[in-house]
Amino acid sequence: MSPAAPLAGLVDHLFRHEAGRLAAALVRVLGPANLDLAEDVVQETLCHALDVWKMGRVPDNPAAWLRAAARNRALDLLRRQRTRTRLLPEVSRLQDELAPAVDAAFTEDALREEQLRMMFACCDPRLQSPVQVALVLKLLCGFGVGEVAQAFLASPAAIEKRLARGKAALRRARVLADLADPRLARRLEAVLGALYLLFNEGYHGAHPELAVRADLCAEAIRLARLLTENAATAQPRTFALLALMCLHAARLPGRLDARGALVPLEEQDRSAWDRALAAEGAQWLSHAVSEPPTALLLEAAIAAEHCFAPTFAETDWKAIVALYDALYAQTPTPVVALNRAIALAQVQGPERGLAELRGLPGRDRLARYPFYPAALGELHLRAGHAREAAEEFRRAVRLARSPAERSYFQRKLAAAT
Amino acid sequence: MADFLYVFRGGGYQQLSPEQMQKHMQAWGNWIGELSKRGQYKGGDPLEAGGKQVKGKKKTVVDGPFAEAKDLVGGYLLVTADNLDDAAELARGCPILEVDGAVEIRPIRKM
Numbered sequence: 001m002s003p004a005a006p007l008a009g010l011v012d013h014l015f016r017h018e019a020g021r022l023a024a025a026l027v028r029v030l031g032p033a034n035l036d037l038a039e040d041v042v043q044e045t046l047c048h049a050l051d052v053w054k055m056g057r058v059p060d061n062p063a064a065w066l067r068a069a070a071r072n073r074a075l076d077l078l079r080r081q082r083t084r085t086r087l088l089p090e091v092s093r094l095q096d097e098l099a100p101a102v103d104a105a106f107t108e109d110a111l112r113e114e115q116l117r118m119m120f121a122c123c124d125p126r127l128q129s130p131v132q133v134a135l136v137l138k139l140l141c142g143f144g145v146g147e148v149a150q151a152f153l154a155s156p157a158a159i160e161k162r163l164a165r166g167k168a169a170l171r172r173a174r175v176l177a178d179l180a181d182p183r184l185a186r187r188l189e190a191v192l193g194a195l196y197l198l199f200n201e202g203y204h205g206a207h208p209e210l211a212v213r214a215d216l217c218a219e220a221i222r223l224a225r226l227l228t229e230n231a232a233t234a235q236p237r238t239f240a241l242l243a244l245m246c247l248h249a250a251r252l253p254g255r256l257d258a259r260g261a262l263v264p265l266e267e268q269d270r271s272a273w274d275r276a277l278a279a280e281g282a283q284w285l286s287h288a289v290s291e292p293p294t295a296l297l298l299e300a301a302i303a304a305e306h307c308f309a310p311t312f313a314e315t316d317w318k319a320i321v322a323l324y325d326a327l328y329a330q331t332p333t334p335v336v337a338l339n340r341a342i343a344l345a346q347v348q349g350p351e352r353g354l355a356e357l358r359g360l361p362g363r364d365r366l367a368r369y370p371f372y373p374a375a376l377g378e379l380h381l382r383a384g385h386a387r388e389a390a391e392e393f394r395r396a397v398r399l400a401r402s403p404a405e406r407s408y409f410q411r412k413l414a415a416a417t
Numbered sequence: 418m419a420d421f422l423y424v425f426r427g428g429g430y431q432q433l434s435p436e437q438m439q440k441h442m443q444a445w446g447n448w449i450g451e452l453s454k455r456g457q458y459k460g461g462d463p464l465e466a467g468g469k470q471v472k473g474k475k476k477t478v479v480d481g482p483f484a485e486a487k488d489l490v491g492g493y494l495l496v497t498a499d500n501l502d503d504a505a506e507l508a509r510g511c512p513i514l515e516v517d518g519a520v521e522i523r524p525i526r527k528m
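Protein chains in written order, with the working numbering: chain D, 1 to 417; chain A, 418 to 528.
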């Protein structure tokens, strides 16, 4: 007997990602009405692989092995169904026609296409966005209920309920809509929205573990890349979202410290940023140009300015102010105005920034937003008004929405007093 | 040094998520890899769930065994260890224990 080889060559998250691919293919074969059955087949296939592989014999192409095993299970199910419903002499001939149909769902192209159809089905506008995102994580990203719950800091029971609502809607469809269907073009907005939400849950979310947050960001990016591979969904706004996500995620490794506290941009270790991901983001950004520029494109361009600035001081703040001006013209929200004022203070000094902030349009809507007093505190500090700065940081601490934010503002407060 | 047979019983992963399954498999790989590195691994295989049994003088062949899931033998491993206690200690690292399975440790009788 040959000595057991260590389980080398298993790509990270292979099971999770194959679970999503298999579920999409199986829903095509078995129909959305049998969504639960499709999920069972996925689970059985993975359990079977674990049984066979765990003692050291992983096949050369594990993904192909899983797909073949799922295909065989699906074919078995369909054959048994056929035998039950039609006990005719020609049954064996009919059975043979099933195999090519099942095989067609498991080709590389079909797997890509079916995942996209599933993505569009999960983002049915009649479903609330938390339901859409939970479905995406469960069905396309292969997350378990517990993992979805962990991502949203929700209870598994609450997530079960959310998923049940979403799956009931999916089951009602006879087939998942075709990507070529022009009515689906409008739904791209909802799909992009759900992916952005998923990404933000990772990037800004309250989860203390960096690994969990990075996973969510990576999943959103993986699915957005999938959208760029299909002519119907490879649109400038898709590229803009993907660019934005890559350019943000590239900086994730420097954004939180070992204890999960936020590190301010000026103190981040820029050498820890993911250069490959930043370069990918820049690549997508160059494809995303549209006239007029969308809000996503402008946000991505701002992220790129930060990402490629050699240091905080050498950042092109003038360009950033101009981009915020354009963004404010598109989406005049107080948060955009706040970020514009912060950039402006870098160009024209803290007193100018303070004046902007005090007269910020819509600042009453920022009453509970901790980064408003934090920005005021920061500029007071730079202008040498320690007492005012401390007062603002104290306000920010009170408004903090997560432990990471709280410890960040507390650190600022300590620096001001 | 003596040889031992590990018999794995029970342990299921129906409740695990795909990511947890992959981690579980990695744990098996690490455990067996470690045994192998120390020269204590002598072989082993997983077993299919079904099979047949031949019983008694009549040599009747029946399907089975159909033990309860927790008692079903799912695989075996042959290892070399200093003694039974050492073999038991090694088995404590087996990932099957994380999924409520059991390892039965049987010294192999010398001829």
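Fair warning: there could be bad hints in the mix.
Label-pair restraints from in silico Cβ distances [stated by the list, open to error]:
id, chain 1, residue 1, chain 2, residue 2, range
1, D, Thr228, A, Asp488, 17 to 25 Å
2, A, Lys440, D, Glu314, 40 to 48 Å
3, D, Ala99, A, Gln432, 31 to 39 Å
4, A, Asp503, D, Glu160, 44 to 52 Å
5, A, Thr477, D, Arg225, 35 to 43 Å
6, D, Arg174, A, Lys440, 48 to 56 Å
The calculated lysine to aspartate or glutamate pairs, modelled on EDC-like cross-linking and capped at a C-alpha distance of 20 Å, are [what the hints assert, rightly or not]:
id, chain 1, residue 1, chain 2, residue 2
7, A, Lys440, D, Glu280
8, A, Lys440, D, Asp36
9, A, Lys440, D, Glu356
10, A, Lys487, D, Glu44
11, A, Lys440, D, Asp12
12, D, Lys167, D, Asp12
13, A, Lys440, D, Asp60
14, A, Lys487, D, Asp51
15, D, Lys318, D, Glu356
Partial chain A-side listing against chain D, Cβ under 8 Å, derived [stated by the list, open to error]:
id, residue
16, Tyr430
17, Glu436
18, Gln439
19, Met442
20, Gln457
21, Pro463
22, Gly467
23, Asp503
Calculated directly from the structure, the hints in this document are not laboratory data. Yeah, the Cβ is synthetic: ideal placement off N, Cα and C, and Gly gets one too.
A quick look at each hint next to the structure:
{"no.": "1", "hint": "D/Thr228 to A/Asp488: 17 to 25 Å", "verdict": "violated, 51 Å"}
{"no.": "2", "hint": "A/Lys440 to D/Glu314: 40 to 48 Å", "verdict": "holds, 43 Å"}
{"no.": "3", "hint": "D/Ala99 to A/Gln432: 31 to 39 Å", "verdict": "holds, 32 Å"}
{"no.": "4", "hint": "A/Asp503 to D/Glu160: 44 to 52 Å", "verdict": "holds, 45 Å"}
{"no.": "5", "hint": "A/Thr477 to D/Arg225: 35 to 43 Å", "verdict": "violated, 60 Å"}
{"no.": "6", "hint": "D/Arg174 to A/Lys440: 48 to 56 Å", "verdict": "violated, 38 Å"}
{"no.": "7", "hint": "A/Lys440 to D/Glu280", "verdict": "violated, 29 Å"}
{"no.": "8", "hint": "A/Lys440 to D/Asp36", "verdict": "violated, 24 Å"}
{"no.": "9", "hint": "A/Lys440 to D/Glu356", "verdict": "violated, 52 Å"}
{"no.": "10", "hint": "A/Lys487 to D/Glu44", "verdict": "holds, 18 Å"}
{"no.": "11", "hint": "A/Lys440 to D/Asp12", "verdict": "holds, 10 Å"}
{"no.": "12", "hint": "D/Lys167 to D/Asp12", "verdict": "violated, 28 Å"}
{"no.": "13", "hint": "A/Lys440 to D/Asp60", "verdict": "holds, 19 Å"}
{"no.": "14", "hint": "A/Lys487 to D/Asp51", "verdict": "holds, 15 Å"}
{"no.": "15", "hint": "D/Lys318 to D/Glu356", "verdict": "holds, 16 Å"}
{"no.": "16", "hint": "Tyr430", "verdict": "holds, 6 Å"}
{"no.": "17", "hint": "Glu436", "verdict": "holds, 5 Å"}
{"no.": "18", "hint": "Gln439", "verdict": "holds, 4 Å"}
{"no.": "19", "hint": "Met442", "verdict": "holds, 5 Å"}
{"no.": "20", "hint": "Gln457", "verdict": "violated, 11 Å"}
{"no.": "21", "hint": "Pro463", "verdict": "holds, 5 Å"}
{"no.": "22", "hint": "Gly467", "verdict": "violated, 13 Å"}
{"no.": "23", "hint": "Asp503", "verdict": "violated, 20 Å"}
Checked against the numbered hints given earlier, this structure breaks hints 1, 5, 6, 7, 8, 9, 12, 20, 22, 23; the rest are met.
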